[in-house]
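The whole structure should be built from the sequences, with the hints applied where relevant.
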Amino acid sequence: MATTPDFEPTLESLSRHQAPAWFNDTKLGVFIHWGPTSVPGQDEWYQNSMNTPNSATWKFHREKYGENVNYDDFFKDFQPTRFDPESWVDLIKDSGAGYFVLTTKHHDGYSLFPSKYSDRNSVVQPPHRDLVGELFAAAKKRAPELRRGAYYSLWEWLNPAETGKQPRNPYTGQEIPYTGYKPVESYPAFMNDQMTELIDTYDPDLIWCDGDWVRNTAYWNLAPTVAHYYNQAKNRDQPKEVLINNRCKLTDAPGEHSGRRQPDYLTPERTKLASIEPFKWETAETIQGWFDIRPPYRQLTSETIVDMFVDIVSKNGNLLLNMSPRVDGTIPEYQQQVLRDLGAWMRTNGEAIRGTTYWNDFEDKTANVPVRFTTRQNALYVTALNWPGRTLELADTLPVRPGTKVTLLGGDGKPLPWRQQNGRLIVDLPASTTLKHAYVFKFDTPGASLIRSGVTAPARIERGKTAPVDIAVTNTGDRQIPLADIRVRTDGPFTFQPDAFREQFLKPGQTRKLSTTMSVAPDAEYARYQIDTTVHVDGLSTHVTTPVEVTRANLALNAPASQSSVAYDGPPNLAVDGNTSGAHSDHSLSHTGLEPQPWWQVDLGAAKSINSVRVWNRDDCCMERLRDYYVLTSDHPLPASLDEALRTPGVHAVHQSAAAGRPTEVPVNANGRYVRVQLAGTDYLVMSEVEVLGER
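Mapped onto full-length UniProt numbering, the consecutive letters of the sequence shown carry residue numbers 1 to 696.
It should be emphasised that the hints constitute simulated quantities derived from the structure, not laboratory data.
Each hint should be verified, as a subset may be incorrect.
[As the list claims (entries may be wrong)] Straight-line C-alpha distance at most 30 angstroms; calculated BS3-like pairs for lysine-lysine: (1) 272 - 93; (2) 165 - 64; (3) 234 - 93; (4) 365 - 280; (5) 405 - 436; (6) 182 - 76; (7) 93 - 280; (8) 513 - 442; (9) 182 - 165; (10) 182 - 116; (11) 436 - 414; (12) 272 - 436; (13) 272 - 365; (14) 507 - 405; (15) 141 - 272; (16) 240 - 507; (17) 165 - 93; (18) 405 - 465; (19) 234 - 140; (20) 405 - 365; (21) 414 - 442; (22) 140 - 280; (23) 507 - 280.
[Claimed, not checked] Listed next, with one range per pair, are the computed distances between beta-carbon atoms: (24) 622 - 4: 45 to 55 angstroms; (25) 657 - 203: 50 to 60 angstroms; (26) 639 - 59: 31 to 41 angstroms; (27) 395 - 623: 24 to 34 angstroms; (28) 459 - 623: 19 to 29 angstroms; (29) 119 - 200: 17 to 27 angstroms; (30) 681 - 487: 47 to 57 angstroms.
Where is the CB? At the ideal position from N, CA and C, for every residue including glycine.
Written as structure tokens, this is what we have:
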């Protein structure tokens, strides 16, 4: 019998659902991209790219296959004659992963499972096999503990029901079949019916949607399908915990994959979040190409992946690491080795990963080598990404007391000597180790529980302002805590009301949320300061520091903006919306076309005293485009020509030759109503944010 109300097909109801504990505990999944795209081995978006005239893939296809070979002709060549699903499962287990996600249907619309709604699948078409069924059955047999996930693309590039037209040969212009297509009432109805069919037939533990960005929430109409998925999982004799990613689009709220907080987790792709994100997230990354690309255009080393994995977990993330099988079903040897290397590291250090949670901070910037933190029950794990030498040196803010034992995972098990000295925590290490890469030190204090503190405060605040500060304290230990003292202190011109709390009876895993108000002195100096939140419990003290900058007003925020052109869905207002995310997928980048001297500008409404301009570059690619640029200010509208603008009386110009950072602060110290950023050469002008700092 169900013990909770059914989920309704509304955002409010579905938002009650959260990522289950198994997903948080396992930390590692294996992604699998496989299908007809694997046949040419050239481009992960092959069907789309070959239909883009004069693209590299369009040219490649014409030269290798000829103009009369269409993408669907690859179906007959998708012959996985050496596909051994049990060996795939064994490899996934050997990697240390707790789940996998198979591309059951990519954007080409070809599904690896039979469907009554479309004959564009691997059973009706070659190779005439239910590949989803084979892999899921092998996983149930050989590794029933392994969670099974299904990637499903909402979008199909050339489905006539979605595009409203028949596909055409990209060279001759002649109409061609969309192989296996069955007429449908509407594309969203077909998509939801097929996704429901996938759920009911294969009972996946996870649905990994994709392709959401091309349409809005109302078009996809996914809420009824998601409600069905949640309800069928909980309303059974033996309920199971399932989840979806945030690409199963349920809201048009900004943020996209890295920031759209909807059930059940965020999905940044091939990028890591810069700091701890309490809302669960997962990075999708690939060892080589997403599909089998020959030769690989990139490949990550085992060491790089371990470093990435440790960093992601320290910030509350999971890693979904992609392998790309060959068309015959074999896994490239390099990818096999990387997955096994990761598994070997996990066998030694897995207790610092599985079942852990993030700590107050993900790193210690003062350490003598880069380190990352995780915590589990009564232990704190410090992972050193490089071998520290004779000592590991950390800030003396970790929760230690007499009796705390420090050991090296995979070492001889003997406690390592440690001491507190001149504000540092120093651990003496053996002269050498046979361990390879990313060395985990366990700090264990018997009988103590560790409290994790999280503080949410404004990153920037103006003089004389007040702002709420939220504090969350979580018992990460395995026993109830009778009493915890929390104090808030600062080195800055702030006061807090209240500045101390006493919390009783925190149960294991329980989080208590506290609130205080921060006030800034009206004559505060413009500078960066720290808020220090200290929690005392069981004779241990834990600290979390939160940076806050007293800054001038951002005069550009939400002001009218314009630019020389708009490309790639990047209007000018995205650079003054307060969203500094550097990823295009987060819908946060202003973007011009490719042109000489492209420009972006903001109108402040009246002449203002401007101290400086902060230019935020993108960080998902192509940062080098934003270099050799000018920041121009003027009381009057600026001409489009950079040369003419530089000759115009009253125009203040500052040149920047180096690529902009995140951010680059450009000194201005001038008055002006119009502020412009303009490239000196020919390129795209792409920015995530422009902040104009001055006096209101």
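Now the hints, each set against the structure:
no.: 1; hint: 272 - 93; verdict: holds, 24 angstroms
no.: 2; hint: 165 - 64; verdict: holds, 27 angstroms
no.: 3; hint: 234 - 93; verdict: holds, 27 angstroms
no.: 4; hint: 365 - 280; verdict: holds, 24 angstroms
no.: 5; hint: 405 - 436; verdict: holds, 23 angstroms
no.: 6; hint: 182 - 76; verdict: holds, 20 angstroms
no.: 7; hint: 93 - 280; verdict: holds, 23 angstroms
no.: 8; hint: 513 - 442; verdict: holds, 28 angstroms
no.: 9; hint: 182 - 165; verdict: holds, 14 angstroms
no.: 10; hint: 182 - 116; verdict: holds, 9 angstroms
no.: 11; hint: 436 - 414; verdict: holds, 19 angstroms
no.: 12; hint: 272 - 436; verdict: holds, 23 angstroms
no.: 13; hint: 272 - 365; verdict: holds, 18 angstroms
no.: 14; hint: 507 - 405; verdict: holds, 24 angstroms
no.: 15; hint: 141 - 272; verdict: violated, 34 angstroms
no.: 16; hint: 240 - 507; verdict: holds, 25 angstroms
no.: 17; hint: 165 - 93; verdict: violated, 44 angstroms
no.: 18; hint: 405 - 465; verdict: violated, 45 angstroms
no.: 19; hint: 234 - 140; verdict: holds, 20 angstroms
no.: 20; hint: 405 - 365; verdict: holds, 23 angstroms
no.: 21; hint: 414 - 442; verdict: holds, 12 angstroms
no.: 22; hint: 140 - 280; verdict: holds, 27 angstroms
no.: 23; hint: 507 - 280; verdict: holds, 22 angstroms
no.: 24; hint: 622 - 4: 45 to 55 angstroms; verdict: holds, 47 angstroms
no.: 25; hint: 657 - 203: 50 to 60 angstroms; verdict: holds, 58 angstroms
no.: 26; hint: 639 - 59: 31 to 41 angstroms; verdict: holds, 40 angstroms
no.: 27; hint: 395 - 623: 24 to 34 angstroms; verdict: holds, 31 angstroms
no.: 28; hint: 459 - 623: 19 to 29 angstroms; verdict: holds, 22 angstroms
no.: 29; hint: 119 - 200: 17 to 27 angstroms; verdict: holds, 19 angstroms
no.: 30; hint: 681 - 487: 47 to 57 angstroms; verdict: holds, 54 angstroms
Violated hints, in rising order: 15, 17 and 18; the structure is consistent with all others.
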